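So the sequences go chain by chain: D and C.
Residue numbering for the first sequence follows the working numbering, starting at 1 and increasing by one per position.
Residue numbering for the second sequence follows the working numbering, starting at 1 and increasing by one per position.
Please note that the accuracy of each hint is not assured.
Chain D is nowhere near these chain C residues, computed Cβ spacing over 10 angstroms in every case [as the list claims (entries may be wrong)]: (1) H79; (2) E127; (3) A167.
Derived SDA-like pairs: lysine to any residue, alpha-carbon spacing no greater than 25 angstroms straight-line [unchecked claim]: (4) K171(C) / T91(D); (5) K195(D) / S268(D); (6) K203(D) / Y124(C); (7) K195(D) / A274(D); (8) K171(C) / A274(D); (9) K203(D) / I123(C); (10) K475(D) / E179(D).
One side only, chain C facing chain D, incomplete, derived with CB under 7 angstroms [claimed, not checked]: (11) A109; (12) L113; (13) P117; (14) A166; (15) A170; (16) G172.
To be clear, the hints were calculated from the coordinates, so they are not data collected in a lab.
Computed from a predicted structure; not experimentally measured.
From the three backbone atoms N, C-alpha and C, an ideal C-beta is built for every residue, glycine too.
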Amino acid sequence: MIGPVEAVLIIPASAIPILALVSGYRLGAALNILACALTLGAATALLFTAHPRSDLIIIDDFNIFLLVLTTFVGFTTSIFSATYLAHEIETGRLTPLFLRFYHAMYQTLMGAMNVALVANNIGLMWVGVEVATLSTVMMVGIYRTPEAIEAAWKYFILGSVGIGLAFFGTILVYLVAQEVVGDGLPAMSWDLLVKSAPMLDPKLLSLAFVFLLVGYGTKVGLAPFHAWLPDAHAEGPTPISAVLSGLLLNVALYALLRFKMVLAGNASAIDVGAIMVGLGLISLVFAAFMLYRRRDIKRLFAYSSIEHMGLITFAFGLGGPIANFAGLLHMTMHSLTKSAIFFAVGHAAQKAGTQVIEDIRGLLQISPTVGWGLMLGTLAILGMPPFGVFASEFLILTSAMRQLPWAAPLLLLALAVAFAAVLARVQPMVFGETNVRRLPHPPALLPVFTHLGLGLALGLFIPPFLADWYARAAKLIGG
Amino acid sequence: MSRLWFDVAHLLAGGILVLSFALIYQDRIAAVVNVFALQAIALSLSVAWQALVQDAPHLMVTAAIALLVKGFVIPTALHQIIRRMEIHREVEEVIGSGLTMLTGLGLVALSILLVQPVGEVSIYVREDLAFALAVILLGLLMMITRRNAVTQVVGFMSLENGLVLAATGAKGMPLVVEISVAFSILIAFIVFGIFVFRIRERFDTVDVRALDRFRGERRDVS
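Isolated chain C (complex conformation):
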């Protein structure tokens, strides 16, 4: 296979990683959602490219789902929620953007080091995995450092993007891609249908900090 094929694959994977960083430094929730949509589109391109390279047409289904659901449907729904619920426009951070970005850089370095042993199997697989792992860890970082329920869920879906990237990079992996994509949709819908709705109903805010009143043991006798 020609070098160019892999270069394109890496370009797309690298784009996803850059967008993961972009997710971290946004300070408006609406912008976070937009960047996530962009990442989902980049993911669908990457998956479609893998479908071509690996001659695996079923991956096209995965790509289409990523594009339609994660790229359009969920972001639209999120914008609706943000508008209708009049959520704070700013992202509430536990740690400042600068420090989070630095931690993110550290995580990328960590993922490159972690997948070092893969080099003996295949160098292309290794780079693919390093990208995917970095996206996963950055998604995790976002979930930890953002307080708002919407941004936490975006962090989780970005983590899922990393998983899909890894799974499609693994040549000929059966079943799992379709199933995992179906699940990511399910998760997203469930989260919005149930949690955000309920949290809104009970607290008039989707700031997860409002939940922290109850921590550990029950203090008041109910």
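Next comes chain D alone, as it looks inside the complex:
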């Protein structure tokens, strides 16, 4: 009997061989969209069914929210990807053979992220994150330019070291849990780990968390482990930048939060919240200043992703129902908005034939929709009301003022610096005399404006069921 949970995993898995074999790139892109749509359908169906639980798979309020978000952004990105790739084929940057490989890897990434999200087993989750990393390494290097190869190599080396350390942490957690829960699968289950947290050996658990933090923190892109992130975002195909930024970083942070939930239940373990607050603040401030002197548009928004992941980590580090709520909301908003920006950037870079900011000018004159998409997306991510990012940043700021007053000025400073830096880069790209050309392919506007529209709608009004859902998840994550 195949329920929605199994479907979320089986659909991408069975799409991989099919997409690897389909030779026409149009058909491949269409099938890719179809597979993503079906996965999204299955994830949505989970909302209306009972939450299953086994030693390997669990669905609770926390991961169901991320699962729907992930499959949704995966779906819209697949639509954008079809248009984007048609242009890449025409200019000869990619060949149809590489596209088959690309589509198969896209589904591998989606499936692996879903595995990591629904896993009730710390080992299985590790496997999900590892496969997701490997598949994105392949896609980052797909253009085979020296820059792309260096980016992929750097990503591979740093990513696998991170993931190796995370595995060591996972083994340590198992060793601790084994003493209390007993041998075998149960000692690796999230729900049992959380339940037996007070009995676990605090010293060893703390040691394990250090490894997990460095390991998964590398994947989240927290400073000082972020070195791979800007390169990987800048050199890969833009749809991959969108899913990396919007989804994979979230999944890695999700893994870290699950472990935080275990440690929070143990009174004598290290204060995970304080560490996360510290790392989050460092990433936020560092990335904000790094936004200056960026010449490459995708690199600019990659640093912006580090900044926002830092902010989200900070919020979860504060803990408590309100800060967690804000963190979850910001996760959603950042995913939607940042991927919309990358969609717009992808079209802009194709029109200009470059990613260098100085060489992209006056988008509005040639393509008002892409220009406005980029401008509105930028304003949204910078936290302008009435977009949703404003709401979540405001909530994080007020929680910081209440729980950790000294951090609030730092947050404000970083946000202001980022605002000035990004707006100064993007504004001349959109307004002024143009130098870009018109392309035969119309841009895929649906994904851009759907995401921005959702970001706007959630900024104006969060429907009660969604607010409930966030509140339940926030309670689950705890302090």
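Since the structure of chain D is already known, use the hints to place chain C on it.
Same frame as chain D, but now just chain C:
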């Protein structure tokens, strides 16, 4: 369980650690590959011993994979690559061997200190973990201090050896051993199939320094 069982386990784990040091001071790439093969064989012995001690026959699969793939197939492939691509015979170092060895000693001390708290759980597990962590950190050190792509990958696989050592030392750990071994094979193949091939194709060298031209921001307008 008798003392002897643990002594043998420690002897094998210690052998793996010594081979990690041997990896660091080799100055010829072919020798690095040979030492890695030896380490993989030592690892497979250690895993097989754990399978006996813990009465866990499925660990034998892990041992067999370590022996066949890491001990023979991958080293053979690496030798092929080295020959066919006419790579420099010498290992290119960022830091000299002496300093690297000293750092390595420091890392071993660090790992013993780090796993100190485990003593309260089980003394045997603690020593096992200290060995594994030291192997992991030495693999990391090798990746950092060696420039060549082949030696970096060997460093990574040596790190994986440490992970397998730790995972098999944890009694009754489910799933993960098989999966992680499968992944280490996958990683190795992917790395060789894609990266080295491409790096060779574009640069006519597998020296990672050739990639450093591009660092940080794009300077030339492409």
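Taking the hints in turn, this is what the structure says about them:
For H79(C), the non-interface assignment is confirmed: its Cβ lies about 22 angstroms from the closest Cβ of chain D, beyond the 10 angstroms cut-off. Every beta carbon of chain D lies more than 10 angstroms from that of E127(C), the smallest distance being close to 13 angstroms; the non-interface claim holds. Non-interface status of A167(C) relative to chain D is broken: a Cβ of that chain comes within 10 angstroms, the nearest being about 5 angstroms off. As the CA atoms of K171(C) and T91(D) are separated by approximately 56 angstroms, the hinted pair breaks the 25 angstroms bound.
Restraint check for K195(D) and S268(D): satisfied, since their Cα atoms lie roughly 16 angstroms apart, inside the 25 angstroms limit. For the suggested pair K203(D) and Y124(C), the alpha carbons sit about 17 angstroms apart, so the restraint of at most 25 angstroms is met. A threshold of 25 angstroms between alpha carbons decides the hint, and for K195(D) with A274(D) the separation of about 23 angstroms falls inside it, so the pair holds. Note on K171(C) and A274(D): the hinted pairing is violated, with a Cα-Cα distance of about 33 angstroms set against a maximum of 25 angstroms.
With a C-alpha separation of about 15 angstroms, the suggested pairing of K203(D) with I123(C) holds against the 25 angstroms cut-off. About 28 angstroms separates the Cα atoms of K475(D) and E179(D), which puts this hinted pair outside 25 angstroms; it is violated. Checking A109(C) against chain D: minimum C-beta separation of about 16 angstroms lies over 7 angstroms; hint violated. Interface restraint check: L113(C) against chain D, minimum CB-CB distance 11 angstroms, threshold 7 angstroms, status violated.
Taking 7 angstroms as the C-beta contact cut-off toward chain D, the hint placing P117(C) at the interface holds, the least distance being around 3 angstroms. With a cut of 7 angstroms, the hint placing A166(C) at the interface with chain D holds, because the nearest CB-to-CB distance is about 5 angstroms. The beta carbon of A170(C) is positioned within 7 angstroms of a beta carbon in chain D (closest approach about 5 angstroms), and the interface hint is therefore held. A hinted interface residue such as G172(C) counts as satisfied when its beta carbon comes closer than 7 angstroms to some beta carbon of chain D; here the least separation is about 3 angstroms, so the hint holds.
The structure does not agree with the numbered hints 3, 4, 8, 10, 11, 12 stated previously, though it agrees with the rest.
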